[in-house]
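Trainee: For reference, the chains in residue letters:
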Amino acid sequence: DSGVTQTPKHLITATGQRVTLRCSPRSGDLSVYWYQQSLDQGLQFLIQYYNGEERAKGNILERFSAQQFPDLHSELNLSSLELGDSALYFCASSVGTDQPQHFGDGTRLSIL
Amino acid sequence: ILNVEQSPQSLHVQEGDSTNFTCSFPSSNFYALHWYRWETAKSPEALFVMTLNGDEKKKGRISATLNTKEGYSYLYIKGSQPEDSATYLCASSRYSGGGADGLTFGKGTHLIIQP
Chain A
1 DSGVTQTPKH LITATGQRVT LRCSPRSGDL SVYWYQQSLD QGLQFLIQYY NGEERAKGNI
61 LERFSAQQFP DLHSELNLSS LELGDSALYF CASSVGTDQP QHFGDGTRLS IL
Chain B
1001 ILNVEQSPQS LHVQEGDSTN FTCSFPSSNF YALHWYRWET AKSPEALFVM TLNGDEKKKG
1061 RISATLNTKE GYSYLYIKGS QPEDSATYLC ASSRYSGGGA DGLTFGKGTH LIIQP
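Quick mapping for you: the protein sequence lines, in order, are chains A and B.
For what it's worth, the working numbering labels the leading residue of the first sequence as 1, then goes sequentially.
For what it's worth, the working numbering labels the leading residue of the second sequence as 1001, then goes sequentially.
Incorrect hints may have been included.
[To be verified] Using C-beta positions, here's what the derived DEER-type ranges look like: (1) A:N59 to B:E1005: 13 to 21 Å; (2) A:I12 to B:P1115: 15 to 23 Å; (3) A:T15 to B:P1008: 32 to 40 Å; (4) B:S1010 to A:G96: 28 to 36 Å; (5) A:P70 to B:T1022: 36 to 44 Å; (6) B:S1010 to A:S86: 22 to 30 Å; (7) B:T1051 to A:F69: 24 to 32 Å; (8) A:P8 to B:E1005: 31 to 39 Å.
It is worth saying that the hints were derived from the structure and are not from the lab.
Think of the CB as a built atom: it goes at the ideal place given N, C-alpha and C, for glycine as much as any other residue.
Can you make the complete structure from the sequences, with help from the hints?
Mentor: This is the structure we're talking about:
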């Protein structure tokens, strides 16, 4: 058990819809990271938050946004969903950027 | 190189044998190199984080080395056991705007230990 909690585990929705993925980091970790894993792709970094502020941004689409709340949990919002957004979305947390990241179990998003 | 590349893509090893695989990463503006172990139906599990050229880290039968000047890291597994079967991912980050950018992951080396 990594201590990182992601909900929901599975999400099935239709094109054009909007969903919110939630992540609770490991106790004591201030950094939260979001990753996307699509078929035939490795883990792709989306965005990092540190203590409520955006710290680093990867190839995150404009239709996607995230935030980290005062209690350090984070949400990833995906809107105007397309078939290609179907993927496994991971959240990870760490104490700092030169420290190991602890991954949640992921949310599997299926767009029909 | 701009991407993180791992080789080989897959590897079959007899139980008891030792093995190693490679990760190549951009050496410019290097910040950190991570290794993760990813078993099927589980989430990635951190093995090592290395930041200094020449770093060597060890955890049980698994060890890793780092060369930041030429941009490569090796992961070694001594006396492979069936429970070592997994995909091993490496990822690097670079300095950006006073801090580190996000991790760029390789596609992994899929290791299968044959009894």
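Trainee: Please go over all the hints and tell whether each is borne out by the structure.
Mentor: Going through the hints against the structure:
For the pair A:N59 and B:E1005, the beta carbons lie near 18 Å from each other, so the given range of 13 to 21 Å is met. A C-beta distance of roughly 39 Å is found between A:I12 and B:P1115, which places it outside the suggested range of 15 to 23 Å. Taken as a hint, the range 32 to 40 Å holds for the pair A:T15 and B:P1008, whose Cβ atoms sit roughly 38 Å apart. Distance hint check: the CB atoms of B:S1010 and A:G96 are about 33 Å apart, consistent with the given range 28 to 36 Å.
Our hint of 36 to 44 Å for A:P70 and B:T1022 holds, since their Cβ atoms are close to 43 Å apart. Roughly 25 Å separates the CB atoms of B:S1010 and A:S86, a value that falls within the hinted 22 to 30 Å. At roughly 30 Å, the beta carbons of B:T1051 and A:F69 sit within the given window of 24 to 32 Å. Judged by the Cβ atoms, the range 31 to 39 Å given for A:P8 and B:E1005 holds: they are separated by roughly 34 Å.
Going through the hint list in order, the structure does not satisfy hint 2, though it satisfies all others.
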